[in-house]
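Given the coordinates of chain G, work out where chains W and V should sit on it, guided by the hints.
Chains as they are written, first to last, in this note's numbering: chain G, 1 to 337; chain W, 1 to 330; chain V, 1 to 513.
I should point out that these hints are in silico values taken from the structure, not numbers from a laboratory.
Just so you know, even glycine gets a beta-carbon here, dropped at the ideal spot from N, CA and C.
Computed Cβ-Cβ distance ranges for the label pairs, DEER-style:
id : chain 1 : residue 1 : chain 2 : residue 2 : range
1  : W       : 102       : G       : 44        : 51 to 61 Å
2  : W       : 96        : V       : 370       : 35 to 45 Å
3  : V       : 370       : W       : 162       : 40 to 50 Å
Derived list of chain W stretches under chain V, where covered just means 3 residues or more per stretch with a C-beta under 8 Å from a C-beta of chain V:
id : region
4  : 194-207
5  : 212-221
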Amino acid sequence: MSAQTAPSARTPRSSVTAWISQQRVMVALALLIGFGALRYEHFLGAYNVLSVLRYNSMFALTSLGMTFVIMTAGIDLSVGTTAACASVVSAMLSSYGLVPGLLGGLAVGLGVGVLNGFMVVRLRLVPFIATLSGMLVASGTGLLLAHNQSVSVSYDTDFTWLGQGDWLGFPTPAWIALAAYIYGSIVLNYTPFGRHVLAVGGNEEASRLMGLPVNRVTFLTYVQSSVFASLAGVILAAQFGAGQPAEGVGWELFSIAAVVVGGTLLTGGAGSVATSLAGVMLLGLIFNVLNFENGMGWISLSAYWQSVVRGVFLMVVVMAGPGMGLRFARIARSKSG
Amino acid sequence: MTDAPTISTKGARFDFASFFRRYAAVAALVVLLAFNFAVTPNFASWQTLNVNMTQVATIVIVSVGMTLVIATGGIDLSVGSLMAISGALAPLIFLSAFGRAYPLLGDLLAFVIPVAVAGLFGAFNGWFITRFKVQPIVATLVLFIAGRGIGQVMTNGNLQVFKNPIFQFVGLGRIFGVPFQVVIMLILVAAAAWTLRRTLFGRQVLSVGGNERAARLAGVPVASVKRWVYAVSGLCAGIAGLVVVSINSSSDANLVGLGMELDAIAAVAVGGTPFTGGQASVVGTLLGALLIQLVRYTLLANGVPDAAALVVKGAIIAGAVWSQQRGQTS
Amino acid sequence: MSPNGPLLVMRDIDKRFQGANALVGAQLEVQAGEIMAVVGQNGAGKSTLIKVLTGAYKRDGGTILFDGQPIDFASPQAAQRGGISTIYQEINLVPFRSVAENIFLGREHKRYGFLDWKRMNAEAAELLARFAVDIDVHRPLMEFSTAIQQMVAIARALSFKARLVIMDEPTSSLDEREVAVLFDVMRQLRAQGVGVIFITHRLDELFQVCDRVTVMRDGRTVATSRMADVDKLRLVASMLGRDLEAVREGSTGFSAASGGAGEEVLSANGLHIGRKVRGAGVEVKAGQIVGLAGLLGSGRTEVARAIFGADPPGAGNIRLMGRDVAPREPAEAIALGVGYCSEDRKADGIIPDMSVRENITLGILPLLTKFGVVDEARQREIVDRFMSRLAIKASSAEQKIRELSGGNQQKVLLARWLCMDPKLLILDEPTRGIDVGAKAEIQSLIRELADQGLGVLMISSELEEIIEGADRVFVLSDGRTVADFPHSAVNAAAIMAAMAHDATATVPGVEHD
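Bound conformation, chain G alone:
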């Protein structure tokens, strides 16, 4: 292994492959930022930096929840519509104040998360199908509550501060996302729950044999994911001034891509929270860079290229990285002899 900044004796290092991938995404992110800074005049300007942070906070939150779920070798397709539904509820409650709006949105996440967790753990449905159902239920509920329209947020209270406000010069949503990631990182590295999440994803059979509460751990990751998604939905409503029941389409795939690009293995068992954040920034910045590039006038790349680029990124990452993990997982699970 090449030289690395030695973590403190307390910090457990993540797996070899995740570590290499971790370097990769950080490097790529640094390169992209460097490229943008050199090439575009206002790239590192306050306006751009703050608006990028403000906008991508939502995806950062959904990706955080998704990271934990993917670490258990699961998946959560419902994060986008949960956010949408939460945005509707919080918009509806925003006239009562910031806290009711926030709590209302989070309650949506709790409900969807419990539903998903129940289907995965109790009904033994594969996470894909379970969260697909959850996604539809959340979507339908949001649309019903909103009567298929956007729900305006009340400006009489300070609810919109959650999305449009600032604190110490940085956007509130960014602070919220940062706090969430710090929480996530602490939980992952310093609590039994976090380690159990990784153990369950790494070798569920062994975890069961070792007496870990596999069902409870799995259930909680889905609840957590939906709660984070609903938080993103609250920010959505606060930021754009309206709860949008039809929003959230594609958020789940973006989150999955961000997590995978960051180096967390889809097969579970390895990864980190920080790399998911880097993955979100990377994929988000691609959009930003393309906008700037178009503004320069040298080329005229439509914003649609961002999906293509994101897809190619994912492909390259998958070819180079998680393939190793997949093979290992297969070996670990196949019968010996």
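Then chains W and V, alone, in the frame of chain G:
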């Protein structure tokens, strides 16, 4: 070692679980139809039948390919995006200078090329999965993300509006009163069902899903089979894309096929094809799609908001897969 | 020796699965500070006995006393808390997690509610140091060799204050050096008063480290002795359940061997496959039945799979039908005229949801198709022909194969290969788990086919099959071919002696590396 048969010794005794599993969709369909005949106004009309079949045809066309993919134990998330690509390509062809100059040839190419391109993208999925041993969900995720972008880039996100009766026969035409896309749907369903039962390829598909290790040891070209099913799925998506843009007389790469992959997966799941592979019922998929559609229509026609239908759809999918899983472990 | 009596007593243990007896009055007794070996062939009941002990299975009868107290654990976790730990063959740890983490998973040390890594890392290092294992406990487990991973598993077991440690085939993926390290650890455990149960089929190892041995066969405990009082030959004899001399005459469906040999269809030598096979060779001529004998784990299946192209060897020569080819895929071997009926019907053989007809024709289907469409008439003809020839009992050719009995499933698989008219047929335990009647049918069928010119390589753990059926016998021991007997020299004693063979000695006339 004990010589117990692997799963069930039921043999001659009537197996309620799998009977239920196989015919639950039909039963539910019959019940719903009866309910609608009784309660819903204007249900028993050609108009109603037409509307429902039209809406369901596109989903079924895609689901046929999806059924084959799931039969090998895989999944294809890219079908919606492939629909967008083929739906974007067709008008580009027949609206181009070449297409205007040679209208008949242009229309022909506007059928063939988009479908072929979609098939090639499907083949890419298959290659990606077999060459790099990547999980199908991740591999097809790539095109899910990038594919729609490709369609958008080709058209710059613009809406292409057109009026081309020959080309649009695919979506608007009728044969003996039956909408053409329904005809295509029925042909594809029949062809797929026949393939699974009567051809070498069909048997190989089912053996790969049933027990990949055993199939390989018996000489089945597992990697090749997998590549082909994803190519076929791409072809189906390509056809579906043409149908959709024909019906709408317009092609919007942002919208064509949006959410279609989930609809297709739901239809396959409700229709009884297990995700573990090894068994497949194309007719089941057809019934599954019809059931989902009918539920939606029933709710709509009786004043229930469309959004509620989404919730119900979610419940149906969960319920169907759950009961199917229970049936399997007996 | 414990002053209070044995550490563990298992008496009259019964266990049934779906009507079949897995354990019948089995016994096991282990003292504290003793290493007890448990040996037996496949299906003898070793694993079942252990699973009953640790609570993975519920016993149907008998008593278990641990330290004099009757126990009845509900799960392996409960057994662990009670002081009985199991180290499994597959390391049941989490590879991505660090060494220290694996040791403490589920019982993490905490400080103010948060994980105390410093303490866990320190304690982990200390635990391992007791076994003279000095590694970086921060590193992920998967970075270390299997031997070290097993040490970690043992360390974890001990951190639970285990009084009895069960090791299930711990040496199967270790090389000689690593095995020596493991044995040192076991001796330390013994010195600390811990009881150790050591399950293995590598007989040489027993003599290096065990104090006593318990032999199981057919679900019963057939012998218990001190290691000093037995030798390998006697062990093999009691594992296989026979006197050294006698073999039951005419107990198989094999008639007198004709042995009329034609051209060479298979010649393999110097095969190295993974860690298990280190210099194996075998030869088959047309019209011959060649037996491949050896104890469990000797590498026979690996050799078969290598010849068939399922898992190509790392080194060695393979000549099929006189051509120097090493198939890289089963399809290539099939094209050359080789068939392989695998050992594990369920995992490698049957397509469970398919019918008898579909399973039979799976291999030959490409030859039955015109323009991709299956010729139903020809298919039916072949299926009917082989179903009657092999007397396959099924309600119809359309019955799902998973509903058939083991014997009939095996016949279906045989039919799959036979209908392709192979020149070499590799059979891996063709009559395992099959009732007596079907066994005899299959055995006489094999003889008949050989008489018609088919070359057969038959892997079998049943001595009668080998003795009565084979025209020539190769014996594998520990991954090497250690003996090559022509029919005239084949008898029970000779084969068992070869199977018990000391891995370091050589046998003249056989190639070694």
